[in-house]
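S.K.: Taking the hints into account, I'd like the entire structure generated from these sequences.
There are 2 protein chains.
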Amino acid sequence: MDKRKVEVCFSTALFPFHKSPNAHVVVVDILRATSAICTAFANGAKGIIPVATVEEAREYKERGYMVASERDGVKIDFADFGNSPFNFTPDRVQGKEVVYSTTNGTQAITMASSGASVSIGSFLNLSAVGTWLNSQNEGDVLILCAGWKGKFCLEDTLFAGALTEILIDEYGFTTVCDSAKASLDLWSIAKPNLYGYVQKVAQRYRLGKLGLDDVIEYCHTPNLTSIVPVLQQGVLRPVAVG
Amino acid sequence: MDKRKVEVCFSTALFPFHKSPNAHVVVVDILRATSAICTAFANGAKGIIPVATVEEAREYKERGYMVASERDGVKIDFADFGNSPFNFTPDRVQGKEVVYSTTNGTQAITMASSGASVSIGSFLNLSAVGTWLNSQNEGDVLILCAGWKGKFCLEDTLFAGALTEILIDEYGFTTVCDSAKASLDLWSIAKPNLYGYVQKVAQRYRLGKLGLDDVIEYCHTPNLTSIVPVLQQGVLRPVAVG
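Chains Y and E, in that order, are what the protein sequence lines are.
Using my numbering, you'd call the opening residue of the first sequence number 2 and step up by one each time.
Using my numbering, you'd call the opening residue of the second sequence number 2 and step up by one each time.
Check before you lean on any hint, since a few could be wrong.
No distinction is drawn between identical chains; accordingly, a pair holds when it is met within one copy or between any pair of copies.
To be verified - Below, in silico cross-link-like pairs of lysine to any residue (SDA-like), each with a Cα-Cα straight-line distance of 20 Å or less:
| hint | residue 1 | residue 2 |
| --- | --- | --- |
| 1 | LYS201 | ILE190 |
| 2 | LYS20 | ARG207 |
| 3 | LYS150 | VAL177 |
| 4 | LYS201 | TYR66 |
| 5 | LYS47 | GLY235 |
| 6 | LYS201 | GLU166 |
| 7 | LYS4 | SER118 |
| 8 | LYS6 | ARG205 |
| 9 | LYS150 | PHE18 |
| 10 | LYS76 | VAL231 |
| 11 | LYS192 | GLY48 |
| 12 | LYS201 | VAL177 |
Because the hints were derived from the structure by calculation, they are not lab data.
Computed from a prediction, not measured in an experiment: that's the story for all the values here.
M.R.: What follows is the structure in structure tokens.
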């Protein structure tokens with residue numbers, strides 16, 4: 002049997018060029034959407050409803066849902082809270098469904114929904130995502146980096162490299178994708194001192210200007226949870242792994 | 002005075018997100034368009050007319066121009082020759098204007114033409130491009146990697162890293178761009194053995210299937226020429242540097 006392949010896409014704007022109808026798509030937005038989603042499930046959330054637009058988020062709010070939403074790092078006025086993982090505390094989210102809309106990450110999720118599966122990856126659930134992808138018996142994997150307004154982001158790429166490494170080294174995947182190979186090489190540089198490396202990413206400066214950079218170290222901490230959020234009928238649900 | 006900035010764009014599909022009206026745009030398509038263009042000028046070409054579509058190339062052919070054109074590595078039927086740098090020999094191009102249209106590279110050139118300047122970069126004229134950009138007294142620099150049908154390409158990225166290194170280390174530029182930082186890091190890995198590193202790029206396999214991979218080593222040879230092709234009224238003209 003041919004080896005399963007892994008491919009990396011550096012931006013939602015490049016997704017149309019990578020599209021493979023049979024691929025399992027892993028959506029990544031390390032700072033901060035997918036780290037926040039993983040945190041919400043680690044803290045007991047029952048579901049997360051990702052919506053791409055502020056208008057959709059507002060409609061849900063009017064119907065009584067709890068809404069987390071931001072644009073450019075700033076909480077939307079009607080939202081219950083913004084995009085920091087630290088907002089998704091057990092007292093707020095346990096047993097709840099939360100509507101979620103962010104600048105880049107949730108748009109990537111809705112874009113990816115034609116894939117064989119859509120799952121959520123972050124350093125917080127890195128190993129679990131690898132294990133879960135391996136447990137899906139067939140199909141290639143596309144790691145979709147949300148990026149920042151169409152642009153390449155280093156921190157998403159480092160995660161893509163870390164996950165690609167696991168899929169190849171532990172589960173026998175292969176790759177012919179230049180983006181995956183670049184991700185592996187960048188990860189090899191960053192891995193010995195990940196938090197030191199990410200001091201230079203542009204998103205740190207953007208968050209720093211807004212006083213929102215308290216999450217950087219947390220968002221680069223591997224394997225705090227073994228839950229993989231998986232899209233089911235438009236809603237992200239927690240799948241416990243291992 | 003603020004330092005001049007350098008930014009890297011990994012694909013023509015990402016260009017709209019990077020666009021800066023004051024930037025000097027350096028177009029890169031190492032395998033093979035921009036390497037071929039630099040070779041043509043090294044061999045005495047008077048001008049190269051980049052056209053994005055096959056239809057435009059055909060119109061020029063009907064008006065008597067020499068046409069170099071390919072799609073997906075294969076020569077277009079009516080073209081005089083295809084995209085290998087080895088086709089642009091002195092006996093063919095000296096003193097001539099050549100019309101040129103390729104899968105990715107010439108489309109990047111026409112796309113970039115709203116910049117402060119459009120120049121052509123390849124390993125063949127690496128140092129000369131750095132010197133020429135420095136001689137333009139102001140304006141930021143955007144290195145536009147043509148990529149492959151919208152996708153990220155490693156070999157273009159390595160050149161972007163090499164040029165970024167020169168601009169920062171020799172000419173005092175700075176960068177806040179994640180793509181530039183990634184390019185620098187990938188270049189730092191590849192630099193000690195560039196030809197060894199590029200054995201893994203996807204474009205090598207694509208060209209190899211067509212028997213067109215004889216150009217790989219040549220296209221990664223630094224500083225064979227000190228001519229920088231610069232777009233002037235829609236035609237690339239040779240600018241001798243140093």
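S.K.: Each of the hints needs a verdict: does it hold here or not?
M.R.: Hints versus structure:
Proximity of LYS201 to ILE190 under the C-alpha cut-off of 20 Å is found in both arrangements, the shortest distances being 13 Å within a copy and 18 Å between copies. Within a single copy, LYS20 and ARG207 get their C-alpha atoms only as close as 30 Å, which misses the 20 Å cut-off; across copies the closest is 19 Å, which meets it. Taking the shortest Cα distances, LYS150 and VAL177 sit within 20 Å of each other only across copies (15 Å), while inside one copy they are farther apart (27 Å). With identical chains, the CA atoms of LYS201 and TYR66 are never at most 20 Å apart, being 37 Å at best within one copy and 50 Å at best between copies.
In this assembly of identical chains, the alpha carbons of LYS47 and GLY235 lie at most 20 Å apart only when taken from the same copy (14 Å versus 59 Å across copies). In the homo-oligomer, the alpha carbons of LYS201 and GLU166 lie at most 20 Å apart only across protomers (16 Å), although the nearest pairing inside one protomer, at 22 Å, exceeds that limit. Taking the shortest alpha-carbon separations for LYS4 and SER118, only the intra-copy value of 19 Å comes in at or below 20 Å, while the best inter-copy value is 46 Å. When the C-alpha separation of LYS6 and ARG205 is checked against a cutoff of 20 Å, the pair qualifies only between copies, where the shortest distance is 18 Å, while the shortest distance within a copy is 32 Å.
Taking identical chains as interchangeable, the C-alpha atoms of LYS150 and PHE18 lie at most 20 Å apart whether they share a chain (17 Å) or sit on different chains (7 Å). In this assembly of identical chains, LYS76 and VAL231 lie within 20 Å of each other by CA distance neither inside one copy nor across copies; the values are 25 Å within and 46 Å between. Taking the shortest Cα distances, LYS192 and GLY48 never come within 20 Å of each other, neither inside one copy (32 Å) nor across copies (47 Å). Taking identical chains as interchangeable, the C-alpha atoms of LYS201 and VAL177 lie at most 20 Å apart only when they sit on different chains, with a minimum of 8 Å there against 28 Å within one chain.
Violation of the numbered hints given earlier is confined to hints 4, 10, 11; the remaining hints are satisfied by the structure.
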